Amino acid sequence: MPFSIAEIADALGIRAEGNVALTISAVAEPAHAGPDDLALAMKPEFAAQLTQGQARAAMLWDGADWRAFGLDAALMAPRPRFAMSGLSAMLDTGSGYETGIHPSAIIHPDAVLGADVSIGALTVIEAGARIGSGSVIGPSCYVGKDVTLGADARLNSGVRLMHGVSIGDRFIAHPGAVVGADGFSFVTPEASGAENVRETLGDAGNAMAQSYARIHSLGSVTIGDDVELGANACIDRGTVRDTQIGNGCKFDNLAQVGHNVVIGNDCLICAQVGIAGSSRIGNNVVLGGQSGVSDNIFIGDNVITGGATKVLSNVPAGRVMLGYPAMKMDTQLDLYKQLRRLPRLIADVAALKKTVSKTEPSD
Amino acid sequence: MPFSIAEIADALGIRAEGNVALTISAVAEPAHAGPDDLALAMKPEFAAQLTQGQARAAMLWDGADWRAFGLDAALMAPRPRFAMSGLSAMLDTGSGYETGIHPSAIIHPDAVLGADVSIGALTVIEAGARIGSGSVIGPSCYVGKDVTLGADARLNSGVRLMHGVSIGDRFIAHPGAVVGADGFSFVTPEASGAENVRETLGDAGNAMAQSYARIHSLGSVTIGDDVELGANACIDRGTVRDTQIGNGCKFDNLAQVGHNVVIGNDCLICAQVGIAGSSRIGNNVVLGGQSGVSDNIFIGDNVITGGATKVLSNVPAGRVMLGYPAMKMDTQLDLYKQLRRLPRLIADVAALKKTVSKTEPSD
Amino acid sequence: MPFSIAEIADALGIRAEGNVALTISAVAEPAHAGPDDLALAMKPEFAAQLTQGQARAAMLWDGADWRAFGLDAALMAPRPRFAMSGLSAMLDTGSGYETGIHPSAIIHPDAVLGADVSIGALTVIEAGARIGSGSVIGPSCYVGKDVTLGADARLNSGVRLMHGVSIGDRFIAHPGAVVGADGFSFVTPEASGAENVRETLGDAGNAMAQSYARIHSLGSVTIGDDVELGANACIDRGTVRDTQIGNGCKFDNLAQVGHNVVIGNDCLICAQVGIAGSSRIGNNVVLGGQSGVSDNIFIGDNVITGGATKVLSNVPAGRVMLGYPAMKMDTQLDLYKQLRRLPRLIADVAALKKTVSKTEPSD
Numbered sequence: 002m003p004f005s006i007a008e009i010a011d012a013l014g015i016r017a018e019g020n021v022a023l024t025i026s027a028v029a030e031p032a033h034a035g036p037d038d039l040a041l042a043m044k045p046e047f048a049a050q051l052t053q054g055q056a057r058a059a060m061l062w063d064g065a066d067w068r069a070f071g072l073d074a075a076l077m078a079p080r081p082r083f084a085m086s087g088l089s090a091m092l093d094t095g096s097g098y099e100t101g102i103h104p105s106a107i108i109h110p111d112a113v114l115g116a117d118v119s120i121g122a123l124t125v126i127e128a129g130a131r132i133g134s135g136s137v138i139g140p141s142c143y144v145g146k147d148v149t150l151g152a153d154a155r156l157n158s159g160v161r162l163m164h165g166v167s168i169g170d171r172f173i174a175h176p177g178a179v180v181g182a183d184g185f186s187f188v189t190p191e192a193s194g195a196e197n198v199r200e201t202l203g204d205a206g207n208a209m210a211q212s213y214a215r216i217h218s219l220g221s222v223t224i225g226d227d228v229e230l231g232a233n234a235c236i237d238r239g240t241v242r243d244t245q246i247g248n249g250c251k252f253d254n255l256a257q258v259g260h261n262v263v264i265g266n267d268c269l270i271c272a273q274v275g276i277a278g279s280s281r282i283g284n285n286v287v288l289g290g291q292s293g294v295s296d297n298i299f300i301g302d303n304v305i306t307g308g309a310t311k312v313l314s315n316v317p318a319g320r321v322m323l324g325y326p327a328m329k330m331d332t333q334l335d336l337y338k339q340l341r342r343l344p345r346l347i348a349d350v351a352a353l354k355k356t357v358s359k360t361e362p363s364d
Numbered sequence: 002m003p004f005s006i007a008e009i010a011d012a013l014g015i016r017a018e019g020n021v022a023l024t025i026s027a028v029a030e031p032a033h034a035g036p037d038d039l040a041l042a043m044k045p046e047f048a049a050q051l052t053q054g055q056a057r058a059a060m061l062w063d064g065a066d067w068r069a070f071g072l073d074a075a076l077m078a079p080r081p082r083f084a085m086s087g088l089s090a091m092l093d094t095g096s097g098y099e100t101g102i103h104p105s106a107i108i109h110p111d112a113v114l115g116a117d118v119s120i121g122a123l124t125v126i127e128a129g130a131r132i133g134s135g136s137v138i139g140p141s142c143y144v145g146k147d148v149t150l151g152a153d154a155r156l157n158s159g160v161r162l163m164h165g166v167s168i169g170d171r172f173i174a175h176p177g178a179v180v181g182a183d184g185f186s187f188v189t190p191e192a193s194g195a196e197n198v199r200e201t202l203g204d205a206g207n208a209m210a211q212s213y214a215r216i217h218s219l220g221s222v223t224i225g226d227d228v229e230l231g232a233n234a235c236i237d238r239g240t241v242r243d244t245q246i247g248n249g250c251k252f253d254n255l256a257q258v259g260h261n262v263v264i265g266n267d268c269l270i271c272a273q274v275g276i277a278g279s280s281r282i283g284n285n286v287v288l289g290g291q292s293g294v295s296d297n298i299f300i301g302d303n304v305i306t307g308g309a310t311k312v313l314s315n316v317p318a319g320r321v322m323l324g325y326p327a328m329k330m331d332t333q334l335d336l337y338k339q340l341r342r343l344p345r346l347i348a349d350v351a352a353l354k355k356t357v358s359k360t361e362p363s364d
Numbered sequence: 002m003p004f005s006i007a008e009i010a011d012a013l014g015i016r017a018e019g020n021v022a023l024t025i026s027a028v029a030e031p032a033h034a035g036p037d038d039l040a041l042a043m044k045p046e047f048a049a050q051l052t053q054g055q056a057r058a059a060m061l062w063d064g065a066d067w068r069a070f071g072l073d074a075a076l077m078a079p080r081p082r083f084a085m086s087g088l089s090a091m092l093d094t095g096s097g098y099e100t101g102i103h104p105s106a107i108i109h110p111d112a113v114l115g116a117d118v119s120i121g122a123l124t125v126i127e128a129g130a131r132i133g134s135g136s137v138i139g140p141s142c143y144v145g146k147d148v149t150l151g152a153d154a155r156l157n158s159g160v161r162l163m164h165g166v167s168i169g170d171r172f173i174a175h176p177g178a179v180v181g182a183d184g185f186s187f188v189t190p191e192a193s194g195a196e197n198v199r200e201t202l203g204d205a206g207n208a209m210a211q212s213y214a215r216i217h218s219l220g221s222v223t224i225g226d227d228v229e230l231g232a233n234a235c236i237d238r239g240t241v242r243d244t245q246i247g248n249g250c251k252f253d254n255l256a257q258v259g260h261n262v263v264i265g266n267d268c269l270i271c272a273q274v275g276i277a278g279s280s281r282i283g284n285n286v287v288l289g290g291q292s293g294v295s296d297n298i299f300i301g302d303n304v305i306t307g308g309a310t311k312v313l314s315n316v317p318a319g320r321v322m323l324g325y326p327a328m329k330m331d332t333q334l335d336l337y338k339q340l341r342r343l344p345r346l347i348a349d350v351a352a353l354k355k356t357v358s359k360t361e362p363s364d
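Chains as they are written, first to last, in this note's numbering: chain A, 2 to 364; chain B, 2 to 364; chain C, 2 to 364.
By construction, these hints were calculated from the structure, which means they are not laboratory data. Fair warning: this is a prediction, and the values are worked out from it, not measured in the lab. Be careful, since some hints might not be right.
Because identical chains share one entry, a pair is satisfied inside a single copy or across any pair of copies.
[As the list claims (entries may be wrong)] Here are the simulated SDA-like cross-link-like pairs (lysine to any residue), alpha carbons at most 25 Å apart as the crow flies: (1) K354 to R342; (2) K329 to N207; (3) K44 to R215; (4) K355 to R341.
Given these sequences and hints, build the entire structure.
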């Protein structure tokens, strides 16, 4: 569906110049743009590519001299990446799920569907489930017993919400995401080697070999509004109370949230991150890809971890962390530099020992 | 379903005191407990919260002075966390799957179902599959050709057991778990760079660029009794013989077990752990979250790894390991401390060099 | 289905000796081989086990003295592991999916199926999907709107290809694999702490707490020929253009490829590897299990990373990398050795300080 440059400017609250009646129907990288595409050249370094493509209009950085790039029209935003959010929403043609209730869906008569809910082919909705108005449940999903899902959700194909899970409005989940699997909680009849190691930091003691007994997960999962969950990501249910996820949190693919975890609002949990059981994460936290958080620890507001950071102990609010074990990022980067000097240091000390042994008084 | 304090004490073999006829129907954290909840305050540090809640009964540590907390009744266990296993099993109200064979399930006439097997909506059971009595297969599962699954299994929605997999009794699998996908096994016509690196520890040589040929997985997977598999976890089939998992092993979400791996009994494999092809793991091993195990190595009985430990070579029985590369935990923790002294050490050596060059005889 | 030794030699283009009319119907490890099995003893160290089993024929290394092992016949290959590829293909009895279109599959009338396509039970094929001839789509799969899938594909149960994804010939995907979920792309109205950290390498500045706006993924995923995707692996769609995977790439279970990533030909991406958004990977790259690649970086041709390597910056072609952060493997292995000398180094420096302070002139 085409939009004029003026319509886009209007919708996004940004500035348009030139022939604002010109219409575009898609976006493209500058070098690959056709005449009906809006080229995206949101930083000066991408401007050179504009002449390689055929775009007549582009989204540019604030203050760009668009005429110099041979364009007929331009959109200019003070923060083009933010404008891209609204623009991409306008141009998204959707996942192609059919609307309405597919006849092959198996919906328990005791489930309650709001207005304008779509349920895809071969999806199962169990008794007591409540799905808010405007929600789109894709094909082959599973919505368990007594699940509450808010308005305007989008579950992609193959999402599984287990019994009793409660989720706010505008939830998005990608294929294979699982909310509410049982927590990983086992106990041995007597103290185990792993328990001893926790106390001694390294000594398993002489714990005997034992089999594990299962602790059932009696809690569920409570998720706020505006949460997004990546493909094959998992959020486990709690043991006694619910695992809790605040508003506005975004989880990338294959992320893992253990039982009893509490996460605040507006956190960004990148791909393959793991948060072990009972840890608490504040608000506005960013955990970089493949980061890990040990169980039973606390991460304060606004903490940021670089990729693959392994957090083994509490982190106060505002810290920027990196590495394994996690340190303040600047300390860690200094350490990486110091490690590169280690061969030289070893040689220096060897030379010093030689020199000093020579100079040392022989008495 | 409510239970009296006496009934619980009886079932768990623990001590009850006070008004043991009092009934509870759920458990709660002490501060959030209502009058019909059993508060869980299994360590003295949680006792203070009892007065914030309304519980009339609590599960406490052995020897607790329950009357002092204003309770009418108490359960006391020498190892309350172990008692929690039995208690949580009593109170678990289940996943809400319907019993019986759902009419939408597609069950091959040559599949054999034991007594009291439930098959959920839209589940596929292939020819030759044998499912033991009392097993509950949730909705949208896949049980492949010639799979053998023991008695009293519970497959949650979306579990996939591929052809020929053989599993013992009381197997539990969470949504999206996959048993028996093909192993990741490829070979180039001539020796590859990666093969050269293995021999030289760093030199890829001048191996030419090649495409990979596939080695098919002719083996399957054999799993013992009492195994549990987390959401979206994967256990690959073997190349020639089966990948083997012993009795009592528990795998958390997103764990990965490569082809030909052999795991003993009663191992705890935490979330996002990866075990590469053909490695062998002993009995009673605990691999902490995000740990990794290289291919073709051996990990002895009772080994424990801390979170994110990367095991690149064999580990003898009984070792407690941490870090990347894995070292003995106490050595690794010492190293972390030593690294913190590195800036000081570098400064000391620089100062020593200066001093020594001054004091060195000038002849 | 049994094959004679002569037939196998012929099919694989390798040498056969002895009673080549002897037939085998399966392969086995030497010690466990029965009389109708072909024992695999492809290195001299496995030869001793031949006498523990009952095999009458074996696949051996080139030049092996097969008569000495009591065999009636032998296959000998200059590179037995490569021969194993063809042999395993001959002996693979398949996944047991039924052929033809299962009546429970839900296939949109506007989907186009090539000749001899099989569609499993309860699979959904959306409008505009095109599936090449000879492809086998297993049970409970999802093939989205306008997906193009080439000839001779094999989708195992539970694979999900999202709308608009385009894939070449001979694609194999294992259960739960997802191609074309939305990219993980969010933006705050003002510069975020994480953006500040990228510029300062450690200082989040005083960015205020903000909620995230979503950037929709307008691109899709384009995958070449001969690609294989492991169980529960994920390849995300691009933001503006497609995420691109070259020919011959193999991804193991739980691997993650972010939005906009470009991967060349014949790469091996092992289990649980994560490649963050917009990174570019060359040809013939091998990323060891649990490796991670930061966003927006470049990895040259023929690069190899050891297990759990975390690549935080560009890597030139041909490098062999290890560790976190990634270094050249030989440098990293040297560093590991140097770190083991750190306690001694600290002691040496302390001793030197003491000695030098004594020897230092007291003026």
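Here's how the hints hold up against the structure:
Taking the shortest Cα distances, K354 and R342 sit within 25 Å of each other both inside one copy (18 Å) and across copies (15 Å). In this homomeric assembly, K329 and N207 come within 25 Å of each other (Cα to Cα) only across copies, at 17 Å, whereas the closest approach inside a single copy is 37 Å. In this assembly of identical chains, the alpha carbons of K44 and R215 lie at most 25 Å apart only when taken from different copies (20 Å versus 55 Å within one copy). Taking the shortest alpha-carbon separations for K355 and R341, both the intra-copy value of 23 Å and the inter-copy value of 21 Å come in at or below 25 Å.
In the structure shown, no violation is registered for any of the earlier numbered hints.
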